[in-house]
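Engineer: Given the sequences, and given the hints that come with them, work out the whole structure.
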Amino acid sequence: MEKMDTFDRMVIGMSHAERMCLYDKLCASISSEEQTIQPPVDTQDISSGQDIQTRLKTESSLFRFFLFLRSIFSGVDISKIYNNILLSRLAHRIEKSRPGLLMYKKGMIGGAFYEQVRQLKNVADFFKPAVSLYEEDPGRFYVFLSSLLLADYYAYVEREIDPFLLGDNKEPVPEVKQSLVRRMDEVFQELTIAQRNSLYQSVINIDWLRQFVRLPYEKMLARFLPNSDGNYVAQLELISNDLSHFCKVLCNAKSVTVEILQAMCLFSTNSQLEQQQVDVEALTADYVTKSLAQVAIIKNFLKAIPVKQLACLAFKSANWTPGQPEGAEDWFVKFKGEWRKLLEARWNEWTKSKKKQLVEQKVFNMFKCMKLPELPYQPWNVEWCDIKFTRNKAMGFMYAFFSTLFGDISKLLKILAMDGDFRVRENKIEFVEAFNEYAKLAGDVDAFVRKFSPEGEIGQFFANVAESEDRSVKIHARLESAIQSAYSESTALSMRFTQITTTIVNVLAGVNSDTKVGKYDSINNLSSIAGRFNQRYRQQLVEVHDTLADAVNCLRELESFES
35 MEKMDTFDRM
45 VIGMSHAERM
55 CLYDKLCASI
65 SSEEQTIQPP
75 VDTQDISSGQ
85 DIQTRLKTES
95 SLFRFFLFLR
105 SIFSGVDISK
115 IYNNILLSRL
125 AHRIEKSRPG
135 LLMYKKGMIG
145 GAFYEQVRQL
155 KNVADFFKPA
165 VSLYEEDPGR
175 FYVFLSSLLL
185 ADYYAYVERE
195 IDPFLLGDNK
205 EPVPEVKQSL
215 VRRMDEVFQE
225 LTIAQRNSLY
235 QSVINIDWLR
245 QFVRLPYEKM
255 LARFLPNSDG
265 NYVAQLELIS
275 NDLSHFCKVL
285 CNAKSVTVEI
295 LQAMCLFSTN
305 SQLEQQQVDV
315 EALTADYVTK
325 SLAQVAIIKN
335 FLKAIPVKQL
345 ACLAFKSANW
355 TPGQPEGAED
365 WFVKFKGEWR
375 KLLEARWNEW
385 TKSKKKQLVE
395 QKVFNMFKCM
405 KLPELPYQPW
415 NVEWCDIKFT
425 RNKAMGFMYA
435 FFSTLFGDIS
445 KLLKILAMDG
455 DFRVRENKIE
465 FVEAFNEYAK
475 LAGDVDAFVR
485 KFSPEGEIGQ
495 FFANVAESED
505 RSVKIHARLE
515 SAIQSAYSES
525 TALSMRFTQI
535 TTTIVNVLAG
545 VNSDTKVGKY
555 DSINNLSSIA
565 GRFNQRYRQQ
575 LVEVHDTLAD
585 AVNCLRELES
595 FES
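Under my numbering, read the sequence shown as residues 35 to 597, first letter to last.
Heads up, a few of these hints could be off.
[To be verified] Straight-line C-alpha distance at most 35 Å; calculated DSBU-like pairs for lysine-lysine:
#: 1; residue 1: Lys402; residue 2: Lys462
#: 2; residue 1: Lys427; residue 2: Lys388
#: 3; residue 1: Lys370; residue 2: Lys405
#: 4; residue 1: Lys550; residue 2: Lys445
#: 5; residue 1: Lys130; residue 2: Lys333
[Unchecked claim] Derived Cβ-Cβ restraints for the label pairs, each shown as a range:
#: 6; residue 1: Glu194; residue 2: Gln494; range: 53 to 63 Å
#: 7; residue 1: Leu96; residue 2: Asn118; range: 15 to 25 Å
#: 8; residue 1: Lys508; residue 2: Arg193; range: 31 to 41 Å
#: 9; residue 1: Asp186; residue 2: Asp442; range: 53 to 63 Å
#: 10; residue 1: Asp186; residue 2: Glu501; range: 50 to 60 Å
#: 11; residue 1: Gln494; residue 2: Lys204; range: 19 to 29 Å
The set of hints was computed from the structure by calculation and includes no laboratory data. These numbers come from a predicted model, not from an experiment. Positions of the beta carbon are idealized from the N, C-alpha and C atoms, including for glycine.
Structural biologist: Below, the structure is given as structure tokens:
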């Protein structure tokens, strides 16, 4: 049984070896620093995680006494006074170090923030197409990531659950499929903690990028209005909720690694990969380079904008801390689910392959040949023609049937039509009509095939085009129309063959049976028909029944293979 790289091709339009080679090249050319997004550490960050009372104890005794007196005279709780002082210190530091960003006394945030968010939105727009594809099928993305991060494990899973590697003695029965499912579960248990953590870290990273792309950029920017100087400003309190979303993601930034960028590129450009002229390596390298430039913009934003401190000011709390971004805790369930889908698809391929083998063997036995019969004339098989007749094997089968088997079968059926004393009159009428239609169909199939011959209508058309070397759109359309017309005619011939043959099979089933089969009964002279050759003739009728039944099934399967 031929082994095919279907798992690789189902995940993405590149083989595993090609992806790994590209991955290694990209990793060698990119530093880890370029892939890492890390918010700058603020040594004077007022939001240290300690409550106000605990932090107040770190202040000098004189300062605490001053706050005590101020609290007594103002009637305001000492912790609130201290909180406001911390916020004022923070605001002063931001205004001094980043002009144009904050007007704290006015409760406004300035145009510098607006411009930085606009740039951040452009980054999100760049990654959005690939992230959208990831969101559509995260499990598929996780499996692809595993092919880069855990190449050996990926190949191991692939081998262990591939039905094509079971051997020719295995058949596609439920027990075999269940054994593959059990084996897949066992292989998942063999994933080491280190391997699982490595994959999980990349899952966290791509999911962080998803959350970054889905931040409320439009909503945030819509809060800003131009002032008299033409600068865009917004009320700090008005953007507080949006700012908390930004902080939750940006203050917990992750690495955007090569394997993520490579996977995103291949996913978002999958349709282009089918074009042979596309340089996948150059395409991916270009995408990764552009992506890292976008990552640099995120880094610059985090250096230029102290989002966490701005949120403290917006929420009027020195204790404010951003929440943690959403996790991807169900990633392993989706990872296993995708492998199950891949196994299902591979199983269906294997089942189809086994069925094709069975059909081919039946056809070989039927016609005593070593390859599937095809039409004797195939004028479309020339270099300059991209149009194909897609019923070649199905019509080749019908032509071979009428050319090699029908003569002997017709003689046997004619004896039954002429001499058979049918117990049910309607059975004979139906049989004789089908028998007569069979002869007409044989002629129609022969006429159809001859259309493709050098002297035939379609064959001559192709020959004339080849001789004239006319490759215009008009000629192409005429060729396409001729092939489409032949396809429609072949469909009608196939339907007639199936209908006529099925009728004869049903009649023969009744004739050969000791009891009535549905509405079909035997003949009164079954034991005497064909005279002294009766026993041989009856055996031949059984063989004809089986051959015709196989012919209907084979034709149906051949058509499905070519569809």
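Engineer: All hints are to be evaluated individually against the structure, with a verdict given for each.
Structural biologist: Here is how each hint holds up against the structure:
Restraint check for Lys402 and Lys462: satisfied, since their Cα atoms lie roughly 32 Å apart, inside the 35 Å limit. Only pairs whose Cα atoms come within 35 Å are accepted, and Lys427 paired with Lys388 is accepted, the gap being roughly 18 Å. Taken as a hint, the Lys370 and Lys405 pair is broken in the structure, with Cα atoms around 40 Å apart against an allowance of 35 Å. Under the criterion of a C-alpha separation no larger than 35 Å, the hint pairing Lys550 with Lys445 is consistent with the structure, at around 25 Å.
For the proposed pair Lys130 and Lys333, the alpha carbon gap of about 21 Å is at most 35 Å, so the pair holds. Between Glu194 and Gln494 the C-beta distance comes to about 56 Å, which sits within the given range of 53 to 63 Å. Restraint check, Leu96 to Asn118: a C-beta distance of roughly 19 Å satisfies the suggested window 15 to 25 Å. In this structure the hint that Lys508 and Arg193 lie 31 to 41 Å apart at CB is violated, the actual value being about 52 Å.
Checked against the hint of 53 to 63 Å, the pair Asp186 and Asp442 passes, with Cβ atoms roughly 59 Å apart. For Asp186 paired with Glu501, a C-beta distance near 58 Å keeps the hint of 50 to 60 Å intact. Separated by about 50 Å at the C-beta atoms, Gln494 and Lys204 break the suggested range of 19 to 29 Å.
Violated hints, in rising order: 3, 8 and 11; the structure is consistent with all others.
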